[in-house]
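Take 1 as the starting number for the sequence shown in UniProt numbering and just add one per residue.
You can take every hint at face value.
Below 20 Å or equal to it, Euclidean Cα-Cα: the simulated EDC-like pairs (lysine to aspartate or glutamate) are:
(1) Lys-345 / Asp-248
(2) Lys-185 / Asp-211
(3) Lys-345 / Asp-335
(4) Lys-85 / Glu-126
(5) Lys-85 / Asp-256
(6) Lys-85 / Glu-125
(7) Lys-152 / Glu-125
(8) Lys-345 / Glu-237
(9) Lys-345 / Glu-334
(10) Lys-345 / Glu-324
(11) Lys-345 / Glu-241
(12) Lys-345 / Glu-321
(13) Lys-345 / Glu-277
(14) Lys-152 / Glu-124
(15) Lys-297 / Glu-67
(16) Lys-85 / Glu-194
(17) Lys-85 / Asp-211
(18) Lys-152 / Glu-126
(19) Lys-63 / Glu-147
(20) Lys-85 / Glu-124
Restraint-style ranges between C-beta atoms, simulated for each label pair:
(21) Tyr-354 / Ser-281: 13 to 23 Å
(22) Trp-329 / Trp-44: 29 to 39 Å
(23) Asp-182 / Ser-239: 11 to 21 Å
(24) Val-75 / Gly-333: 45 to 55 Å
(25) Ala-332 / Lys-63: 54 to 64 Å
(26) Glu-67 / Trp-329: 42 to 52 Å
(27) Thr-310 / Gly-127: 35 to 45 Å
(28) Arg-68 / Val-203: 26 to 36 Å
(29) Asp-248 / Thr-192: 16 to 26 Å
(30) Pro-82 / Trp-329: 47 to 57 Å
Derived by calculation from the structure, the hints in this document are not laboratory data.
From the three backbone atoms N, C-alpha and C, an ideal C-beta is built for every residue, glycine too.
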Amino acid sequence: QSCHRPAGKRGSQEPGRGGLPEGVEYIPTRKKGKNPMKPVGVAWYSLYARTRLGYLFYQRQVKKARERYPHGHSVTQPYCFPGVKILPIPVLSNNYSYLVIDTGSGQAAVIDPSDPLAVQAAIEEEGVMLEAIFCTHKHWDHSGGNEALCQKHNSCRVYGSALDAIPQLTNAPCSRHSPLADREKVSVGCLTFEALATPGHTVGHMVYVLDGAPFGSPPCLFSGDLLFLAGCGRPFEGSPETMLASLDVAMGLGEDTLLWPGHEYALECLTFASLLELDNSALEQKLQWAVQQRQEKRSTCPSTLGEEQTYNPFLRTHRPELQEALGLWQGAGEDPDAFRARVLKEVRRRKDLYQAT
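Hey, can you work out the whole structure from these sequences and the hints?
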């Protein structure tokens, strides 16, 4: 399987001012596969996140996705740099797991192994040794494969936040589980990952940053449910202020950082964003590109954090054009970050209403 080597900004056809191309009907991606987070309500979320009902729902998700998408929900392409290979693995109806390989030693790590069979198939095809599982958070669609993979790979360790009830992390033998602190680093072969605490979606949500400097590549951010292409995870266990601070942590990584999100939500998120900023040419161009990608069932990963700042409304809370579009103005004496959190809350409210329609 050939590797795609990122080389500057992607080209795309200049879109028209009307958003979607003529004759293309937009169907939100989430409506094609059930999303356990879509039913709104504290009671439902508590059942999903804290009881066995959530695990049973996850098992049902896995079974249905394997039947509906035997080869995965999207066509992906590995990304290669000298010494490292990143393989996106499409799992469930819209999730991504990532197999990250040190090509020199054959050691590998996986981020968020939702479906252990799909991940194991990729491990066997690549002929690598799984040494680490990096889990961004506790939700079953990101952590459900931990136990099965640990049973298969004796030397594999599970990493994540002790604040989340991550399978095989908080209830596993001490020799196998490895809770991480904010800014703590872990090496897998020649690969170095840094864990960043990004609470909001869950109290213990973490993202992982692969240091690309030794390989002559940009940093790689595996963002879980913190950040998507043109989108952001819902703050189930945090305030707008908490989520804003976590997004700011991610944005501090640099504009060339490659974003590898936990879900294929690009088309839905870009379409929503286009309703907020009608005259954003970068957004129109990215939407046109995403439409073409998704028509062919191709993955939209990765983007860059620099790109995201031009069209992702959750990262544009400081932009006057977005504030004006939302009808929000900073109050006299209002702290700038408090105002940004208010803008983020309004964007989130509108996105939730958009999903419900």
